[in-house]
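2 protein chains.
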Amino acid sequence: MINVKEGLIIIGGAEDKKGDKQILREVCEHIEKENQLLVIVTVATEKPIEVGNEYTDIFHSMGVKNVSVLDVENREDAMRTENIELIEKASLIFFTGGDQLRITSILGGTQLYSNMRRKYKEDCVFVGTSAGASVMSDVMIVKGMDDESPKKCTLKMAPGLGLIYGVIIDQHFAQRGRVGRLLVGVAENPEVLGIGIDEDTSIIVNKQNILRVIGSGAVYIIDGSNISDTNVSEQHQDNILSIFDVKMHVLKTGDKYDLTDRRPFV
Amino acid sequence: MINVKEGLIIIGGAEDKKGDKQILREVCEHIEKENQLLVIVTVATEKPIEVGNEYTDIFHSMGVKNVSVLDVENREDAMRTENIELIEKASLIFFTGGDQLRITSILGGTQLYSNMRRKYKEDCVFVGTSAGASVMSDVMIVKGMDDESPKKCTLKMAPGLGLIYGVIIDQHFAQRGRVGRLLVGVAENPEVLGIGIDEDTSIIVNKQNILRVIGSGAVYIIDGSNISDTNVSEQHQDNILSIFDVKMHVLKTGDKYDLTDRRPFV
Numbered sequence: 394m395i396n397v398k399e400g401l402i403i404i405g406g407a408e409d410k411k412g413d414k415q416i417l418r419e420v421c422e423h424i425e426k427e428n429q430l431l432v433i434v435t436v437a438t439e440k441p442i443e444v445g446n447e448y449t450d451i452f453h454s455m456g457v458k459n460v461s462v463l464d465v466e467n468r469e470d471a472m473r474t475e476n477i478e479l480i481e482k483a484s485l486i487f488f489t490g491g492d493q494l495r496i497t498s499i500l501g502g503t504q505l506y507s508n509m510r511r512k513y514k515e516d517c518v519f520v521g522t523s524a525g526a527s528v529m530s531d532v533m534i535v536k537g538m539d540d541e542s543p544k545k546c547t548l549k550m551a552p553g554l555g556l557i558y559g560v561i562i563d564q565h566f567a568q569r570g571r572v573g574r575l576l577v578g579v580a581e582n583p584e585v586l587g588i589g590i591d592e593d594t595s596i597i598v599n600k601q602n603i604l605r606v607i608g609s610g611a612v613y614i615i616d617g618s619n620i621s622d623t624n625v626s627e628q629h630q631d632n633i634l635s636i637f638d639v640k641m642h643v644l645k646t647g648d649k650y651d652l653t654d655r656r657p658f659v
Numbered sequence: 394m395i396n397v398k399e400g401l402i403i404i405g406g407a408e409d410k411k412g413d414k415q416i417l418r419e420v421c422e423h424i425e426k427e428n429q430l431l432v433i434v435t436v437a438t439e440k441p442i443e444v445g446n447e448y449t450d451i452f453h454s455m456g457v458k459n460v461s462v463l464d465v466e467n468r469e470d471a472m473r474t475e476n477i478e479l480i481e482k483a484s485l486i487f488f489t490g491g492d493q494l495r496i497t498s499i500l501g502g503t504q505l506y507s508n509m510r511r512k513y514k515e516d517c518v519f520v521g522t523s524a525g526a527s528v529m530s531d532v533m534i535v536k537g538m539d540d541e542s543p544k545k546c547t548l549k550m551a552p553g554l555g556l557i558y559g560v561i562i563d564q565h566f567a568q569r570g571r572v573g574r575l576l577v578g579v580a581e582n583p584e585v586l587g588i589g590i591d592e593d594t595s596i597i598v599n600k601q602n603i604l605r606v607i608g609s610g611a612v613y614i615i616d617g618s619n620i621s622d623t624n625v626s627e628q629h630q631d632n633i634l635s636i637f638d639v640k641m642h643v644l645k646t647g648d649k650y651d652l653t654d655r656r657p658f659v
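Here the protein sequences come in this chain order: R and F. Take 394 as the starting number for the first sequence in this note's numbering and just add one per residue. Take 394 as the starting number for the second sequence in this note's numbering and just add one per residue.
So here's chain R without its partners, still in its complex pose (with noise of 0.2 Å):
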């Protein structure tokens, strides 16, 4: 049975791709691996080839017969006909690691990019890791420092794909001290969650908005609501931030989040 409730799969990057591939075989999971077709998209690398061979080993390795690699390096590649008919016909459409801003500056405004979008709501399944996983939110980070304290000129915030909305998606979280950016952002707009995932680690997001988590790593859940002061809208760029009140949750692999509620279960 293919789970369809299940629309969209956030990797925090790095995922296992030679042991026991927990992640990838969860996404395996959501598609019928005899008939229904499974896209990768390579946009956001600058080694589409390197990366998309290197996917399509390890998906038909793991028994999913149709794979195919949409080939989109530039705008002009995203108008084209063959292109917009690939992804009519995915069932699961998996967005390769590289640079989050190469896939929004590429697809953005494309009837590419719009027929995604209506796919997500009739059940296509969306997969990111990396920066794939940042592209899927409404606001995406773009670039940050890491292991840095919170600045306000640490980070750079910009639209993102929007299968997701309201919350910020930070990846290889733990693995490049990444609290600090995501602090800023939750605590520039505290209506929005911050969720930051680590390495090999992923959240699957089902229809009525809880996440589950899965792999080796955790996820964190920044959640701004609660915030009594903070200095965000005062300061200058390279002051640090004061933020009072953040409430946090860090989430192991089976632990559910509520999106809607705001609230952690087991």
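Derived from the structure by calculation, the hints contain no laboratory data. Source: prediction; values computed, not measured. Treat each hint with caution, since some may be false.
Given that identical chains are not distinguished, each listed pair holds provided it fits within a single copy or across any two copies.
[To be verified] As a list, the in silico DMTMM-like pairs of lysine to aspartate or glutamate whose alpha-carbon atoms are at most 20 Å apart:
#	residue 1	residue 2
1	Lys600	Asp651
2	Lys414	Asp631
3	Lys640	Asp616
4	Lys649	Glu627
5	Lys649	Asp638
6	Lys482	Glu422
7	Lys414	Asp470
8	Lys649	Asp622
9	Lys640	Asp622
10	Lys512	Glu425
11	Lys649	Asp492
12	Lys640	Glu584
13	Lys440	Glu478
Add chain F to chain R, keeping to what the hints say.
Below, chain F alone, put in the same frame as chain R:
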């Protein structure tokens, strides 16, 4: 006027030594430069002469007339009468960086150590940077993985000097991505408050248990008192920790925190 009500200055390491030296200037505010003795304790480092000379030169250049280095490289040194006498004369004792376990394993259980604790109650000011910061609390972090998901095996703790109770202090906090390991420490006993201090950043604790922040980075308070669920006691060493409802504050220079009431203020 010297501020004798602030007995403890805890620095997250890598304090500025060449620019405006904000933190070291603050240290000098806590001593009468003309006639009181500042003692540098290099026991944490394996380069005591180099480190001792560096700080001696800096404090001299900032106008402190009487600066001595406590020369303790092993337990035998710690028991020498001249070293005990030197500490007796000190008005400010400055612990350098290095390895916090060197500090406690060499000084612990000696007359020198118990005299230090008495001196702290008698208004001698204690300052510690890096390893010298961690060692100030009754329980200290001695080892943990940087840039890592929270796991029990990433954290080793040991008894510290015990000048401040009820907190665990971690240093080089943003720069080494240490939020994971401090979260583990807090989850293991939420009675204890986690304090993460960035490089070139310091907390100054007064006798009323209020801390204030100075420096160019941030200070992170991790308050586990509202933790609603954690698997910390059940999990194996290398499993990921799950922790729900942690409260976090990010403080910048000038912010204050009441350690008794567990409340930040400006």
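Problem set entry | 20 Å Cα threshold - placement of Glu478 relative to Lys440 | Neither. Shortest intra-copy (23 Å) and inter-copy (67 Å) distances fail the 20 Å Cα cut-off.
Exercise. How do Lys649 and Asp622 come out at 20 Å by Cα distance, when the copy is not named: within, between, both, or neither?
Worked result: between (29 Å within a copy, 13 Å between copies)
Exercise. Is the C-alpha distance from Lys640 to Asp622 at most 20 Å within one copy, between copies, in both cases, or in neither?
Worked result: For Lys640 and Asp622, the Cα distance is within 20 Å both inside one copy (13 Å) and across copies (14 Å).
Exercise. For the identical chains here, do Lys649 and Asp638 meet the 20 Å Cα criterion within one copy, between copies, both, or neither?
Worked result: Classified as between: cross-chain Cα gap 14 Å, same-chain 23 Å, threshold 20 Å.
Problem set entry | Up to 20 Å CA-CA - Asp616 versus Lys640, copy category | both (5 Å within a copy, 10 Å between copies)
Problem set entry | Homomeric proximity label, Lys414 with Asp631: Cα distance no greater than 20 Å | Between copies only: 18 Å across, 41 Å inside.
Exercise. Using 20 Å as the alpha-carbon threshold, which applies to Lys482 and Glu422: within, between, both, or neither?
Worked result: within (18 Å within a copy, 71 Å between copies)
Problem set entry | Within, between, both or neither: Lys414, Asp470 at alpha-carbon 20 Å | For Lys414 and Asp470, neither the intra-copy (32 Å) nor the inter-copy (55 Å) Cα distance is at most 20 Å.
Exercise. Between the shortest in-copy and the shortest cross-copy C-alpha distance, which are at most 20 Å for Lys600 and Asp651: within, between, both, or neither?
Worked result: within (11 Å within a copy, 43 Å between copies)
For this session: Classify it for me, Lys649 with Asp492: is the Cα-Cα distance of at most 20 Å met within a copy, between copies, both or neither?
Result: neither (29 Å within a copy, 39 Å between copies)
For this session: State whether the alpha carbon distance between Lys512 and Glu425 is at most 20 Å within one copy, between copies, both, or neither.
Result: within (17 Å within a copy, 73 Å between copies)
Exercise. From the Cα coordinates, with 20 Å as the cut-off, is the pair Lys640 and Glu584 best called within, between, both, or neither?
Worked result: Classified as both; 13 Å inside a copy, 17 Å across copies.
In the structure shown, a violation is registered for the earlier hints numbered 7, 11, 13, in ascending order.
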